[in-house]
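> Dock chains B and C against chain A, hints included.
Residue numbers (the UniProt record's numbering), protein chains in the order written: chain A, 1 to 294; chain B, 1 to 294; chain C, 1 to 294.
Among the hints, erroneous ones may be present.
With a cut-off of at most 27 angstroms between alpha-carbon atoms, the simulated DSS-like pairs for lysine-lysine come out as follows [to be verified]: (1) A:Lys211 with B:Lys223; (2) B:Lys292 with B:Lys108; (3) B:Lys172 with C:Lys55; (4) C:Lys252 with A:Lys252; (5) A:Lys172 with B:Lys275; (6) B:Lys211 with C:Lys227; (7) B:Lys53 with A:Lys211; (8) B:Lys275 with C:Lys172; (9) C:Lys275 with A:Lys252; (10) B:Lys211 with A:Lys275; (11) C:Lys172 with A:Lys227; (12) C:Lys94 with C:Lys53; (13) B:Lys227 with B:Lys53; (14) C:Lys227 with C:Lys275; (15) C:Lys252 with B:Lys252; (16) C:Lys55 with A:Lys223; (17) A:Lys211 with B:Lys227; (18) C:Lys172 with B:Lys172; (19) C:Lys252 with A:Lys211.
For the record, the hints were derived by calculation from the structure and aren't laboratory data.
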Amino acid sequence: SVPPGVLPLCHRPPAWGRAARQPPGLPLAPSRAFSNNKIMVELDESSGVATMKFKSPPVNSLSLDFLTEFSISLEKLENNRACRGVIITSAIPKIFSSGLDITEMCGKSTEHYTEFWRAVQEMWLRLYGSNLVTVAAVNGNSPAGGCLIALSCDYRIMVDNPKFSIGLNETKLGIVAPFWFKDTFVNVVGQRVAERSLQLGSLHPAPEALKLGLVDELVPEEKIKEKTGAVMAQWLAIPDHARQLTKSMMRKAVLDRLLAHREEDIQNFISFTSKESIQKSLRMYMEMLKKKKG
Amino acid sequence: SVPPGVLPLCHRPPAWGRAARQPPGLPLAPSRAFSNNKIMVELDESSGVATMKFKSPPVNSLSLDFLTEFSISLEKLENNRACRGVIITSAIPKIFSSGLDITEMCGKSTEHYTEFWRAVQEMWLRLYGSNLVTVAAVNGNSPAGGCLIALSCDYRIMVDNPKFSIGLNETKLGIVAPFWFKDTFVNVVGQRVAERSLQLGSLHPAPEALKLGLVDELVPEEKIKEKTGAVMAQWLAIPDHARQLTKSMMRKAVLDRLLAHREEDIQNFISFTSKESIQKSLRMYMEMLKKKKG
Amino acid sequence: SVPPGVLPLCHRPPAWGRAARQPPGLPLAPSRAFSNNKIMVELDESSGVATMKFKSPPVNSLSLDFLTEFSISLEKLENNRACRGVIITSAIPKIFSSGLDITEMCGKSTEHYTEFWRAVQEMWLRLYGSNLVTVAAVNGNSPAGGCLIALSCDYRIMVDNPKFSIGLNETKLGIVAPFWFKDTFVNVVGQRVAERSLQLGSLHPAPEALKLGLVDELVPEEKIKEKTGAVMAQWLAIPDHARQLTKSMMRKAVLDRLLAHREEDIQNFISFTSKESIQKSLRMYMEMLKKKKG
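Here chain A stands alone, though its shape is the one from the complex (with noise of 0.2 angstroms):
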């Protein structure tokens, strides 16, 4: 099977034009901040730790153009020999990411509903087989489609406050979470877990994560980026290469999964939304989304 990391990235317009092309290692330039749109990418070259910061207000909800800036992101920070851990946070506050962007999938053609199903498994192939250290600082709220991204990388670092709270809670959407959406959950807490808070849809506040695994720790706000430098150096002891293998080997069966069915993934996902009685559902919950705000 191919290896995620290379992977074709959709063909779209890279968000930072030619900036993507650049040849595998070239160094990006001292601790410089790279222009794009929706994610600040800071990268360390003396620790070699990378910062993904999302600032896509006004809940960092999961676009096809936040997609594609996450995975060209990445593969630009996979690809630069200075790099070696990434941590993924939130520049918004109270919310980490809101999950897929709903607008992305309501009323638009069978086209973008590809488009968009492609970016998704893009981003998750690319993060949950990094060969990067990958610790995500959860802080604020991370259902759906921001649980996944918390998921998906090494350690979960969380806020320590009960108000936010994390899980894959798509059926209360009366949409169901697809099947490696499942299994990242599964090798993170187990089948029990997995099977019960799947079906109610559940999203856990910080201290019933921690007490289910979901994530590894909590620390005061404060705290969270001294404590994620923390965990980073300690994952950053360990030989990359070794690191890397073993990595690898726990988690290929789920990726393998994915790459074998991603186009039957796509064509189901498609099909399912397509359906008027989801359609509905994913209106009738961008209005009561609207309504709140209002």
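Leaving out everything else, chains B and C in the frame of chain A:
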């Protein structure tokens, strides 16, 4: 593979005559307990919640008749659009179910063993693959097949009494739980707990069962009905279709494994059960039970 | 697939000459310690419990000779009808086993690497697939291959001393635990704990090992013999045949995976070990160990 919901029942006269041939979806009379011998079934049409109450003295053992009635009752509820969830419990004090009826496995013909084992498979395929929300209210001892029924539900509430225990204790009788009992057990408690518990044939007192994750919560006996209703309401708050697809995704691999090996599994059961050494073990065990009673 | 109990041993002169060719089932002299070099084997015929005590100074490292002796000793016990269980422990203070002997992996021929790795596989196939009840009394440090031996037993009791630790720390040496070490680890602690522990190459102090489920209980050093005996008696109370079939059912998938990929696994080991970068890491590690001692 064939979805478990449409498996043909084994060819026996159904326990309440033609009732089982009722076309799918035709609603029962509102909240009427329908007559049968070993399981009392009651449907509350206002909530959509049915209760299956085992009342087969002395110990709700899973005879061929009991199993057939179970599968037919469940199929009937499954086909009744007014029904969305089922609570499984016992009407007999101190016992949930004692498991497979050993008299069905002793000194009988190959034809009988075949029919019996197919009915055991059928019961599990229907319950584990049920589209309904299934909650076990374990209000007494629950060894072997009794434990399997509880494990096959979506949620398990047990009476908080250390005198009641639950587990797959087959090895203690010199027999072996089949692979799909094992798969069901592993899906609830994980590989390690299962490996130890199944080898030792452990019956876990309620507090230990909670600790191991074999049941989800303990409640005082007088609260079990109220609590079970509350849990059911929580599960019914989720849109059925999304919950059902999610449940199927979580359980499909294990269901498919039996469906793919159903006839082999029957042959294994017959050849194992027909062994003189096993027959002797089972006869000795029955003698012991008789003496205990006397 | 070939059941592990009948695998041909690698073609080396057995450590104690023709003894290994003794026909299966011929009992040893009652409770006689039989002579060999690196492992003391004692069988108590009254209880059916053997003890394999590692006594290969300084640190019970798993050399080719040690591994061969281990496999032959275990095969001998397996074939001895008087033996139903085996306790595995160390006669050397503070160390259970330091794992694979790195000198066997440094500057040797391809033939040697092949023979060595086959012996490592053999040891695991026999132990993980053993029909005997296997209890590890971990009375000292147990890194890497030492941990694998403990993980392959049915039950692990560790001395309650935070100075003793256990884990698969391969990544810290720049090497990678093979897939079947990983599978064995996952079967004990689950996917998530394994993913983190294997990537970090963690050595868990006894109390942490207990918390993670890596060992089943901790006892004071002076109680370990008594406790191990009590646990063994509990397991021997179960009819052998039912317990063995259950154990085999639980472990078969993981055993079969190595059996199906045994030669590939040897080739992987050789090509990895032969790399100059790996040889360098291993030489540096050995230098460090020498300095530590000196």
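> Could you run down the list of hints and mark each one as holding or not?
Results of checking the hints against the structure:
1. A:Lys211 with B:Lys223: holds, 26 angstroms
2. B:Lys292 with B:Lys108: Holds, because 24 angstroms separates the two Cα atoms, which is no more than 27 angstroms.
3. B:Lys172 with C:Lys55: violated, 37 angstroms
4. C:Lys252 with A:Lys252: holds, 21 angstroms
5. A:Lys172 with B:Lys275: violated, 52 angstroms
6. B:Lys211 with C:Lys227: holds, 23 angstroms
7. B:Lys53 with A:Lys211: violated, 34 angstroms
8. B:Lys275 with C:Lys172: Between Lys275 (chain B) and Lys172 (chain C) the Cα gap is close to 53 angstroms, so the pair fails against 27 angstroms, i.e. violated.
9. C:Lys275 with A:Lys252: At roughly 24 angstroms apart (the allowed maximum being 27 angstroms), Lys252 (chain A) and Lys275 (chain C) satisfy the hint.
10. B:Lys211 with A:Lys275: violated, 43 angstroms
11. C:Lys172 with A:Lys227: Within the cut-off at roughly 22 angstroms; holds.
12. C:Lys94 with C:Lys53: Status holds; Cα separation ~14 angstroms.
13. B:Lys227 with B:Lys53: holds, 16 angstroms
14. C:Lys227 with C:Lys275: Outside the cut-off at roughly 45 angstroms; violated.
15. C:Lys252 with B:Lys252: Distance ~21 angstroms between Lys252 (chain C) and Lys252 (chain B) Cα, so the pair holds.
16. C:Lys55 with A:Lys223: The hint is violated at about 49 angstroms.
17. A:Lys211 with B:Lys227: holds, 23 angstroms
18. C:Lys172 with B:Lys172: violated, 44 angstroms
19. C:Lys252 with A:Lys211: violated, 32 angstroms
Hint violations for this structure: numbers 3, 5, 7, 8, 10, 14, 16, 18, 19, all remaining hints satisfied.
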